[in-house]
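2 protein chains.
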Amino acid sequence: MAEKITPRAKDYPQWYLDVVQEAGLADNSDVRGCMVIKPTGYALWEKMQRGLDKLFKDTGHVNAYFPLFIPMSYLAKEEEMAEGFAKECAVVTHYRLKAEKGQPLHVDPTAKLEEPLIVRPTSETIIWKTYKNWIQSYRDLPLLINQWANVVRWEMRTRLFLRTAEFLWQEGHTAHATAKEAEEETLRMVRVYQQFAEEFMAMPVLVGPKSDGQKFPGAVYTLCIEALMQDGKALQAGTSHFLGQNFAKAFDVTFTNVDNKIEHAWATSWGVSTRLIGGLIMTHSDDNGLVVPPRLAPTHVVICPLGRNDAERGPSIAAAEKLAKELREIPRDDFYGYEPISVKIDTMFDKQPGYRYAEYELRGVPVRVEIGPKDIEKAACAVARRDVPGKEGKQFGVPLTGAAAHIDALLRDIQKSLFEKAKKHREATTRTANSYDEFKQMIEQPGFVLAHWDGTRATEDKIQEETKATIRCIPFDGDPTPGACMVTGAPSAKRVVFARAY
Amino acid sequence: MAEKITPRAKDYPQWYLDVVQEAGLADNSDVRGCMVIKPTGYALWEKMQRGLDKLFKDTGHVNAYFPLFIPMSYLAKEEEMAEGFAKECAVVTHYRLKAEKGQPLHVDPTAKLEEPLIVRPTSETIIWKTYKNWIQSYRDLPLLINQWANVVRWEMRTRLFLRTAEFLWQEGHTAHATAKEAEEETLRMVRVYQQFAEEFMAMPVLVGPKSDGQKFPGAVYTLCIEALMQDGKALQAGTSHFLGQNFAKAFDVTFTNVDNKIEHAWATSWGVSTRLIGGLIMTHSDDNGLVVPPRLAPTHVVICPLGRNDAERGPSIAAAEKLAKELREIPRDDFYGYEPISVKIDTMFDKQPGYRYAEYELRGVPVRVEIGPKDIEKAACAVARRDVPGKEGKQFGVPLTGAAAHIDALLRDIQKSLFEKAKKHREATTRTANSYDEFKQMIEQPGFVLAHWDGTRATEDKIQEETKATIRCIPFDGDPTPGACMVTGAPSAKRVVFARAY
Chain A
955 MAEKITPRAK DYPQWYLDVV QEAGLADNSD VRGCMVIKPT GYALWEKMQR
1005 GLDKLFKDTG HVNAYFPLFI PMSYLAKEEE MAEGFAKECA VVTHYRLKAE
1055 KGQPLHVDPT AKLEEPLIVR PTSETIIWKT YKNWIQSYRD LPLLINQWAN
1105 VVRWEMRTRL FLRTAEFLWQ EGHTAHATAK EAEEETLRMV RVYQQFAEEF
1155 MAMPVLVGPK SDGQKFPGAV YTLCIEALMQ DGKALQAGTS HFLGQNFAKA
1205 FDVTFTNVDN KIEHAWATSW GVSTRLIGGL IMTHSDDNGL VVPPRLAPTH
1255 VVICPLGRND AERGPSIAAA EKLAKELREI PRDDFYGYEP ISVKIDTMFD
1305 KQPGYRYAEY ELRGVPVRVE IGPKDIEKAA CAVARRDVPG KEGKQFGVPL
1355 TGAAAHIDAL LRDIQKSLFE KAKKHREATT RTANSYDEFK QMIEQPGFVL
1405 AHWDGTRATE DKIQEETKAT IRCIPFDGDP TPGACMVTGA PSAKRVVFAR
1455 AY
Chain B
955 MAEKITPRAK DYPQWYLDVV QEAGLADNSD VRGCMVIKPT GYALWEKMQR
1005 GLDKLFKDTG HVNAYFPLFI PMSYLAKEEE MAEGFAKECA VVTHYRLKAE
1055 KGQPLHVDPT AKLEEPLIVR PTSETIIWKT YKNWIQSYRD LPLLINQWAN
1105 VVRWEMRTRL FLRTAEFLWQ EGHTAHATAK EAEEETLRMV RVYQQFAEEF
1155 MAMPVLVGPK SDGQKFPGAV YTLCIEALMQ DGKALQAGTS HFLGQNFAKA
1205 FDVTFTNVDN KIEHAWATSW GVSTRLIGGL IMTHSDDNGL VVPPRLAPTH
1255 VVICPLGRND AERGPSIAAA EKLAKELREI PRDDFYGYEP ISVKIDTMFD
1305 KQPGYRYAEY ELRGVPVRVE IGPKDIEKAA CAVARRDVPG KEGKQFGVPL
1355 TGAAAHIDAL LRDIQKSLFE KAKKHREATT RTANSYDEFK QMIEQPGFVL
1405 AHWDGTRATE DKIQEETKAT IRCIPFDGDP TPGACMVTGA PSAKRVVFAR
1455 AY
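Taken in sequence, the protein lines are chains A and B.
Whatever position you read off the first sequence (first residue = 1), add 954 for our numbering.
Whatever position you read off the second sequence (first residue = 1), add 954 for our numbering.
For reference, chain A alone in the conformation it holds in the complex (with noise of 0.2 Å):
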C-alpha cells in the first residue's frame, strides 16, 4: 500500500492528498471549491458531530436551524462583518430557469430577485434579526443556540477540509443580559473545543485569544485552539467570539433588564468545522496511511480469520464471528459514544494477507485481529495496533478467551497514546525567541515559536510580511513574564505564539 502514499518526508502536502485520496474520505467535485466527502470521510464527520453536540447540550444549549439564504442588506448593518466577508460571497440573483423547447436551460431574465440574496458565510446576521422577535426581556436569556450547517466562502484557492468554498460546521449564537455572562460563555466554549480536541481527537491544543489582526470580523475578541501539525506549520481549529453588543445594536435586539431598563443584549458566537477533518489527518496519520482515534473511528476493529482453503478458513471465520459477538457486547459506555464497538470480519481471501493487512492500515481502522489455523491450534489471535505500525505495535498468541476485554482496554490505550505522543512533538517543537534575528531562525524551522510582541498590529504585519508568521493566539497558559517586543523594544505583557499556518 505504500506505494499508493508519497512519504511525509518526501512531500507532505501531497501526502495529505493522497491519504485523503487513497483512505476515501473526500474528493474534489466539478463545481469549484466545493468537496464530495465520501463514506468513510462522512462517518468521521458523524463520529465528531455525535461527540460535540453532546458537549454542547451538556453545557446547556440546544440546536435550531436558520435560512441558507440572507438578503444582502442584513450583512450591510454590521461593517466590519460585510467588509469580512464581501470578497468570498455567492450571490443569488434569480430564482426561476427557463426550460423551452428547441431553446438551451437558461437563466430567466423576467426572474431577477428584487434584493439579491448571500448564501450565508456564516449566520450572526440573520440570527440576530430573528432574536429580536424572541427576546424582550431578562427573563428570556440567556439564549443558548447551536446550528448544524453548511456554509459557503467563495475560495479561489481550496484545499480538501482545510480550505473549501462550501464546508459544513456548527454555529453557536448566544445571547445574554450581561457582559459577564457573555465573556464567560465565550470562555466555556472555547475550553469545551478544547477537551473535544483534547479527549476525542487526541490533538492538543493551545487556548488563548487572537491578536486583534487575526479576530473575526465583528468581534470585540475572539479566541481560539490552536494546534500544530505534524509538518509544523499551525491550524486555527476553533474559534470563540465575543461580540459585545454589536450585533444587538445592528438589528435592535433590546431588553428589559431586572431594573427595568431597556438594554441591547450580549453575544457570542463559536464555531467549528469539516476543517477538523484536516488536522486530525495531519496530527496523527503516517506514510502507511490514516490513523484515527478509537472514539472518532466508526470501525474499531477489523478481524481477519486467514487460511489457504475452506477447511481452514471455517474454524478462523468462526473464531472471529464469537470475537466479533463478545466485543459488541461490551456494554455501551461514554469513550464508545453509547454506541457498541464496531467491528468488521474482513473476507478477502482472494487476496494476499499482506494486502488485506494494509488495505485497513491505509483507512484508520485502530485494531486489527488476525485468526489462521496456527492460531486456532492454540486458541489464540494476533492483535496490531494501528498507531504502532509493523511489529512492534503487534501481538502474538493473544488468547482467545479474554480477548475482547484485552481489545477494549487496548483501545483506551491507544487513544492516551496519540494525544501522548501528538503532545511531545508539539512540546519538541516549540521554541523561545529572545531577539528577532533568532525568531527569523526558528521559525524557519517547524513548530511554535514563542516571542514577545509589543500588541501593535503594525508590528504583526511587519512579522508576518518579513517572516510569513502569524500570531496563533496569546496563550492563556504561557509563561506570565513580561517582557519587550523583539522588533521595536516596547513593553510586552507575556510571550505570544508565533508560527506558519494553514
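Treat the hints as calculated values from the structure; they're not laboratory data.
Errors might be hidden in some of the hints.
The list treats identical chains as one, so a pair stands whether inside a single copy or across any two.
Below 25 Å or equal to it, Euclidean Cα-Cα: the simulated DSS-like pairs (lysine-lysine) are [as the list claims (entries may be wrong)]:
| id | residue 1 | residue 2 |
| --- | --- | --- |
| 1 | K1279 | K1011 |
| 2 | K1031 | K1052 |
| 3 | K1041 | K1086 |
| 4 | K1448 | K1276 |
| 5 | K1134 | K1086 |
| 6 | K1348 | K1378 |
| 7 | K1203 | K1052 |
| 8 | K1055 | K1203 |
| 9 | K1416 | K1394 |
| 10 | K1001 | K1011 |
| 11 | K1041 | K1055 |
| 12 | K1041 | K1066 |
| 13 | K1169 | K1055 |
| 14 | K1066 | K1052 |
| 15 | K1041 | K1416 |
| 16 | K1448 | K1169 |
Position chain B relative to chain A; hints supplied.
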C-alpha cells in the same frame, strides 16, 4: 391555554399555524419562503433523523455529502428533470460583493460566474456526475448512499413545514448492476419509510406507485407513502423512485458487468423531509396543542412537584427527583433509541398548576406526573397521558414505588394507541365510489375515495380539474378486483386512491 389555539372545528389551517407557533416549532423568517426551525421543532427533526438513519444503516446504506451548488448544464442533461425543476430554482450568478467606503454594499458586476450555479433542488445530477468516477465494474455496485442536506425549491405560496422554499431532508441515491436490484431497492426503501411512519410517527400510510401524472421528473416510476390528515386531506409523506438508466445515460455512467460487457448503471432515489413534522402535527395533535408519539418525543415525561410553600414543596421535589432518576435508569433500548428516558422537572411554582399542565400539553410531552402534599402522604402520584386529555387520561394514586416501570409501560402504550386511533380515523373516512357522480359527492367529504380509473393521464387531469382530487397512489394492498373506469368506462385493473391533498 386553549385560548391560544384556534379549535380545529373552527379553522383547521389556523389551528395548524397556532400549534406550530405556540408549541415553539417554527417561525416564518423575513427571507421569502424560508422558515426558522425553532429548538422544539428541531429536536423533533433530530429524533426523526436518528430513527431514519438507523433504518438506513440497518439496510446497508452509508452517508456522504455532495455539493450544494449544481452547474446549470448538469440540470439540463436530464430533460424531464430540467423541465420539472426549472421554475423553482434559486440561481447563483455572482461570487463577490463590494464593500467600499461611502457606497452601499452591492453585487460586484465584475464577479459574474461563467456558468450559473443552481442551489440544489434535489441532487441526482451532481451525484451521478460524481458516480461516473466511482463506478467502473460490477464490483463497485451496488452503491448505497444517503445524504442529509438542505434543498431549495422556490415556492410562492408557502406553509411552515409543509411547503417551504428551503427545507431539510435526506436523499438516498443508489446505483445497481441490474434493473431487478434497483427495483428491489426502490421497494425496500418505500417499505422503510412505511416502517418509520407507522412505528415511529404512529402515522398509518398507504403504499404504492404514483400515477404517471404524479411521478418524479426523471423517474420511470415513483412509489410513495401517503397519509391521511385529521381534516381528511392527504399528505404525500415520502417517495422512492426507480430511475431506470436515465441518469446513468445522462452522465455516461457505465460499468463492466459480470459478462465483461459495458452497461449503464441502474438507479434509485428516495427522500423524506421536514414535511414529516407537518404530517406528525396533523395526525395526532388536538385543540390543546401538540401531541407527539413517545418514540419521537424530545421530552418523554414532565414531573410537576406541587405545594403552596417551601415546606410542602420540599418533599414533592425530593419525590420528583427520585422518580426522575429511576426513569433515567431504565435500561436503554430500541424504543428509546438507546438513549435514557428524557425527564424534565417543572418548577414554575409562581404559576397555577393548571397553567403549568396546559403548558406541557401545548408542547406535547407524552406523560405528565403530578406530585403534591396529598400524594406524598399516600406515597403516590398522579399520572396523565397526553393522548387522552382531561380526567379520562389521568390516573390518581399511582404508587411511587413502581411508578417508573408503570410510566415506561404507559409510554409504550401511548405509542400503540396513537397509531390505532389514526388508523381507525383513516378507515372511518375511506369510502368506495361506484360511479363518477357518487365520487363527486364523496370527495366533498374528508377522506380517501377508492375508485376505478382507466390509467390515462387525460382522465386523471379531467378528474383533478373537476373535483380538485388527485390520485394519491395505486395501493399495493388494495382490493385487487378489476372494474371499469368511473369516468370513461374503460377497463381498470383495480381501484386507486383519490383525495384532495396538501
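Hints versus structure:
For a Cα distance limit of 25 Å, the shortest separation of K1279 from K1011 across copies, 19 Å, qualifies, whereas the shortest one inside one copy, 32 Å, does not. Only between protomers do K1031 and K1052 lie at most 25 Å apart by alpha-carbon distance; the minimum there is 14 Å, versus 34 Å within a single protomer. Within a single copy, K1041 and K1086 get their C-alpha atoms no closer than 28 Å, and across copies no closer than 33 Å, so neither meets the 25 Å cut-off. Taking identical chains as interchangeable, the C-alpha atoms of K1448 and K1276 are never at most 25 Å apart, the minima being 58 Å within one chain and 51 Å between chains.
Taking the shortest alpha-carbon separations for K1134 and K1086, only the intra-copy value of 21 Å comes in at or below 25 Å, while the best inter-copy value is 55 Å. For the homomeric pair K1348 and K1378, the shortest alpha-carbon distance inside one copy (23 Å) is at most 25 Å, but the shortest distance between copies (62 Å) is not. Taking CA atoms no more than 25 Å apart as the test, K1203 paired with K1052 passes between copies only; the shortest distance there is 23 Å, against 42 Å inside one copy. In this assembly of identical chains, the alpha carbons of K1055 and K1203 lie at most 25 Å apart only when taken from different copies (20 Å versus 52 Å within one copy).
Taking the closest pair of Cα atoms, K1416 and K1394 come within 25 Å of each other only inside a single copy of the chain (12 Å); across copies the shortest separation is 81 Å, beyond that limit. When the C-alpha separation of K1001 and K1011 is checked against a cutoff of 25 Å, the pair qualifies both within a copy, at 16 Å, and between copies, at 15 Å. When the C-alpha separation of K1041 and K1055 is checked against a cutoff of 25 Å, the pair qualifies only between copies, where the shortest distance is 14 Å, while the shortest distance within a copy is 38 Å. Taking the closest pair of Cα atoms, K1041 and K1066 come within 25 Å of each other both inside a single copy (22 Å) and across two copies (13 Å).
Taking the closest pair of Cα atoms, K1169 and K1055 come within 25 Å of each other only across two copies (21 Å); inside a single copy the shortest separation is 52 Å, beyond that limit. Taking the shortest Cα distances, K1066 and K1052 sit within 25 Å of each other both inside one copy (13 Å) and across copies (19 Å). With identical chains, the CA atoms of K1041 and K1416 are at most 25 Å apart within one copy only, with a shortest distance of 24 Å there and 53 Å across copies. Taking the shortest Cα distances, K1448 and K1169 sit within 25 Å of each other inside one copy (19 Å), while across copies they are farther apart (67 Å).
The structure fails to meet hints 3 and 4 from the earlier list, while all remaining hints are met.
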